[in-house]
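Asks: As they're listed, the protein sequences go chains H and A.
Counting in my numbering, the first sequence runs from 1378 upward without gaps.
Counting in my numbering, the second sequence runs from 4 upward without gaps.
To be clear, the hints were calculated from the coordinates, so they are not data collected in a lab.
By construction, the Cβ of each residue, glycine as well, lies at the ideal position given by its N, Cα and C atoms.
Be aware that one or more of the hints could be misleading.
Listed next, with one range per pair, are the computed distances between beta-carbon atoms [what the hints assert, rightly or not]:
id	chain 1	residue 1	chain 2	residue 2	range
1	A	R390	H	L1548	35 to 43 Å
2	A	G341	H	P1550	26 to 34 Å
3	A	A380	H	P1621	51 to 59 Å
4	H	E1499	A	R381	29 to 37 Å
5	H	E1551	A	A313	34 to 42 Å
6	A	G262	H	E1620	50 to 58 Å
7	H	G1542	A	P383	16 to 24 Å
8	A	R384	H	E1617	36 to 44 Å
9	H	R1624	A	E311	54 to 62 Å
10	H	E1620	A	P383	50 to 58 Å
11	H	A1595	A	P261	29 to 37 Å
12	H	A1595	A	P312	52 to 60 Å
13	H	E1522	A	P337	48 to 56 Å
14	A	R491	H	R1490	22 to 30 Å
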Amino acid sequence: MPSPNVDLVFVIDTSASMAPCFDQVRTHLHAVVSPMQGHVNRVSFALVAASASTNGSGVLYHVQSLAESSAGVDLGMDLVGLLYGTGRHDGRGHGPQSAASAREQLFTTDADRLIRRLGMLEPAGDEDMLLALDIALDLPFGPLETTKRVVALFSDEPFESGVAGDGSNRLLPELIDKIQARRIHLFLAVPEGPAAHQLASVDRAEVEFLGDEQNGLADVDFTRLFAQMGRSISSASLQETAEPAYRRALYEQDKWVPSQGVMSGR
Amino acid sequence: MSQSPRHRRAGIHCRIQAAIAWVGVACVGPESAMAIPLPAMPEASVLGRTPESHADRRGSPSPAAVGADVGQRDAIGLVLMTAGLAAMALAASLAMGGGMRGGRRDGTRRGRPEGHRCIREQGDMNAEGLDRDDRDVTDETMPSEPCRAISVIVTPAPAAVPHRPQAPQAPQAPQAVETPRQPALEAIARTRSAYSHQAWGSFDRDAVPKLLFYGGNRFRQFTVDALDAADEWFVIGDIHGDFFALHTIISHVRAACPGFGIIFLGDLIDRGPHPIECLWYLLKLADDLPGRVLWLAGNHDVGVVYDEPAGMFRSTVQPAEFVSDLNVVDSFSPLRRGFGREYIELARGLPRAAVMPDGLLLTHGGFPHTDLQGELARLPRGNARGRWLESDEVLRDFTHLRITRYPTRRPNRLSISCSYGYRDFESFRRSLDGYGIRRLVTGHQHCAAGYDDHPEWAEHGVEALTLTGFGFADDHDRPESYGPGYRRELTVGRCRPDRIPEVVRIPVDEAELAAFHRVEIATMPRFAAVRQPAAVPSSDDRAVVGTA
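Bound-form chain A, shown alone:
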């Protein structure tokens, strides 16, 4: 096959970068699973992952890719699913300089795209006076130094949202046309129209976005097509059903950088009131932007299971409002059951982690804890390590572990989830030395400020960032948490080569939030339920131990 120099370069770098780009499981079913090369076996690499074959795979895997899959799956016993390919494509893309303004192969930096300048210029209007120069002083050649350089820039909300997802055409959209013409309200109405019960019921595959109900593995390939087209990559933390936050962040990023790509760190559902709207919005976004959306699994996402004997959905995590919604018994129960099962299949295939070419590990929770790392250290490099990475207990740690400020934590396997410290991450880095992991970005932990740059880690030379996407207050069962208690700023991470992502703070449009609250939150039946209060002290000391 003849290749242009650019493509040959991509192929070379794909093989090289594939060594540090791996993903546990991705958004595809086993039928399209691909073998991902691991560091010790470059020959088992992505020879089929040339740009040509990559382009061929839009919609269906190319013969070359499938051949690589079939040929390697049995040989190495490793089936890492196709979002691994997405990460590889991303790696190749970034190696070509097609990604987040990374360094070129020849070591030069390419120019900043327009979108980048846009957001930077807005950042210069930073109300807190954070100096742009301060953000740029980090020595990118010495990332192992203690890094406190997580830049925080404040960017004003775009004056107008230049582009919103096209409304999927559903047979009926009973709520879509009645809502006020506010950006978030409009988007949620359109989103809702796409998954109306009529659409679910009809399963009219021409009438709904060709995602969830298209059959086969089509809907699961949206992250596979190409993670190579984005000018800049933005990282969104837990959303938890907060449609307003998801829409606001995407709108802002889209306005600031039209060529954006999104890496969502998982936990789309539960807590917040609009999980299904968020699900649909994200999938629609992925369909609109092939190759520019990567959804990593969160513990809530993969926690949903269907209990066949009981005929009910359950969740391995709490709170689990999404499951409660699926279990509602009414005339739509069969549709909910079908939707829920589709969702479970989708979530099961989500990737657990991604490693960028510069060593940035992105994952919802964490990484295999120290008790598992011991086993890793005893394994020879290559296939065995790949199988280890694919084992259930290892994959579980990516979604369930929780970052802490402490040096180290003892894993408690009796507990639903464990926590870890910076020495545990260092240990993991060393154990998996061939992957070049250097720094960490997680979700899972809910940060009151929208992010945590983990100063205790930075003091010890370990770079980490935790992002929280949703904006409602901790007390998510109260409507005021989505109004007066809502955060004034939402946060999104923006990737930078060889550094931890910087945090972009997006001011919340109070008027838009108020309109959204008035229409979408305040009237929700869910908030009308009276919850039994916690123990309240009695009699005279009520003023001392008073109620909230």
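Only chain H is shown next, with the shape it has when bound in the complex:
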């Protein structure tokens, strides 16, 4: 039997305080890759870097990915547009890309590309990480019979402290069902909170609860964290059973429209 592939999605809070985390991931990425070498055929990386801020009329989301950004235009719509289509309400947008096309743009086996993209991230605004996690769950992962699906989420704020407060938690049961249906191996490095504890009960989830005082995860030992991740991914089994239907866009991000708004800092 051929060695499995790994789809590894980093979900990173890009709120204003998180700049140190970008450097941590860039610097220590080798620590997560090394334990997998010899055990897997190919590691594909993806990125969901999300922040949010409120403005007068609602919430402005900025979700970045590996897809090449068009420099300030259609903020956040590269990834969301690829997954769900854009502008469906004003009739000027386009539909979602095919899974193959979206995958080509959102995943890469070139770690350099991920590292470069992390270097381009500009922290700003606040966070809504459960929504970011839901977007990551909708990515076009490889088939279960050949691919280990991994999502690693990093944030220095509890899930409940984002722009939606604990409002996002109302969809946690559905989110958890979706994680389990998609057979996602979930890694979290987040402060403690109700949502984090519920996510810790997900089968195959591994949670690093952070202390109260976090400075963009600057003090977290990423070498150890990533080494554990790599070993865990290496030893995890392929999930060869069929994938059931699941609901996409739990937070209705498929109804977003582009905005020229500017993220406000904290």
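Following the hints, put chain A in place on chain H, whose structure we already have.
Replies: This is chain A only, laid out in the frame that chain H set:
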């Protein structure tokens, strides 16, 4: 039937302890299956399980035992197989004080056997300065308290292995006599000679150990005869084809406690390079020590299946090197196929779990998860619960679930295996209250240190221990994992009454390992295969995201 007081006492305790000694499925075929009494029905108990009938059953079930089987199987619809009897025998034995230095019926502690003193004295030479008194302070009368008292003692390797398995006489042993006279090498050579292709091919039942190819159910009864003879019980975690580890652990235990008994937590095959040698070694050990070896099923053990239409072996788990070996196409393919099918039959009959009289649950993976426990709670005590325990989905959880440090986990039945936390175990204990389960020992999870005493569980008053038997590094496809990457110490659990087993750490003899590596590992064709590396970052950042 006239019984001595000792035997009457055993019979009484057998019936009592049978209530807390059960095993899902054991190493016997259906033809020798026995009905095991469950808590709510003591009258359906092991009346045939007197020591006399037990002795009669060496080699073949006694008429009394068979009668109990036939009479009860239909009545209660429960067929728990004969390693259940082994566990019952163990329970009876322990109740008599014949097992792991348990308390006597009158509440007194019996003296420690010589073997125990031996290992204890060696433990006093503990390089880490762990005080013997520290190990003994645990209040055995209050085991429900948070327990962080998993003793770790370091025992030096025996100066000489006093006894090794007798070499089975095979028609030809092409590799046996050429290997250097090192303990592990000698043992593996002798073991290998026992299952040489010639032996397989001849099926000469006088020439090979009367285990795999003896026919009928003889080879499957080795755990049934009597789990009542051991002075102390030792628990070995996953071995995964690591012959060096298995041999080292057994040699050490044998030297320290000649009257030892072994409970192996499963996963004998896959990953490591010597699964068949390990299989043969364990079965030979079981044949040499009737009643003192219990092999519980692991997910790798029971994962092997034969795909008739395809004419190939498959496995439900990964990695599955054992299946790959069985599927090699060459002139020996028919023999491999026959061997593989025998193996599947053997593994299918392995017990899934055992409960010691003091409430120690031993199992490879876990126990029925919370979604199944709900059904258990609705069942009346007695037969229905027995049928529930025997159902496929319940048996699967014993082998496939994985222990975690978290309080609770949601079972994901879409996944190949689920995980659980300490609250889930507490829930299981309460659901199965009549069985008196109190603490848990598992394998399955591979611990870098050879064991995990689960401090998160202990902080919440739940005792658990996970043991790992093999010594090679995670990266089992690389020869250096069996040399420089090999663990410095191997681990084995030693049972103690009313407590979680203590962990005995056995230093690896570096010289012996080097010799074994030089002869058995470094030259193996399996390691010559070039594996495609994982994605490696390109160009300038290679130093940052470098390769292993």
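Asks: Given the range 35 to 43 Å, decide if the beta-carbon distance of A/R390 to H/L1548 lies inside it.
Replies: Since A/R390 and H/L1548 have Cβ atoms about 40 Å apart, the given range 35 to 43 Å holds.
Asks: Honestly, do A/R491 and H/R1490 meet the 22 to 30 Å range at C-beta?
Replies: 41 Å, violated
Asks: Are H/E1499 and A/R381 spaced within 29 to 37 Å by their CB atoms?
Replies: 57 Å, violated
Asks: Could you see if the CB distance from H/A1595 to A/P312 stays within 52 to 60 Å?
Replies: Once the Cβ atoms are compared, 58 Å apart, the range 52 to 60 Å for A/P312 and H/A1595 holds.
Asks: Cβ-Cβ distance between A/G341 and H/P1550: within 26 to 34 Å?
Replies: 51 Å Cβ-Cβ, so the 26 to 34 Å window is violated.
Asks: Against the range 16 to 24 Å, how does the distance between the Cβ atoms of H/G1542 and A/P383 compare: consistent or not?
Replies: Since H/G1542 and A/P383 have Cβ atoms about 48 Å apart, the given range 16 to 24 Å is violated.
Asks: Using the beta carbons of H/E1551 and A/A313, state whether their distance is inside 34 to 42 Å or not.
Replies: Holds: the Cβ-Cβ distance is about 40 Å, inside 34 to 42 Å.
Asks: Please test the hint of 48 to 56 Å on the beta carbon pair from H/E1522 and A/P337.
Replies: For A/P337 against H/E1522, whose Cβ atoms are near 31 Å apart, the range 48 to 56 Å is violated.
Asks: Is 51 to 59 Å a correct range for the gap between the Cβ atoms of A/A380 and H/P1621?
Replies: 27 Å, violated
Asks: For the range 50 to 58 Å, tell me whether the beta carbons of A/G262 and H/E1620 fit it or not.
Replies: For H/E1620 against A/G262, whose Cβ atoms are near 53 Å apart, the range 50 to 58 Å holds.
Asks: Should the hint that H/R1624 and A/E311 are 54 to 62 Å apart at their CB atoms be regarded as holding?
Replies: Since the Cβ atoms of H/R1624 and A/E311 sit about 40 Å apart, the hinted range of 54 to 62 Å is violated.
Asks: Does the beta carbon distance between A/R384 and H/E1617 stay inside 36 to 44 Å, or does it fall outside?
Replies: 38 Å, holds
In summary, the numbered hints that this structure violates are 2, 3, 4, 7, 9, 10, 11, 13, 14.
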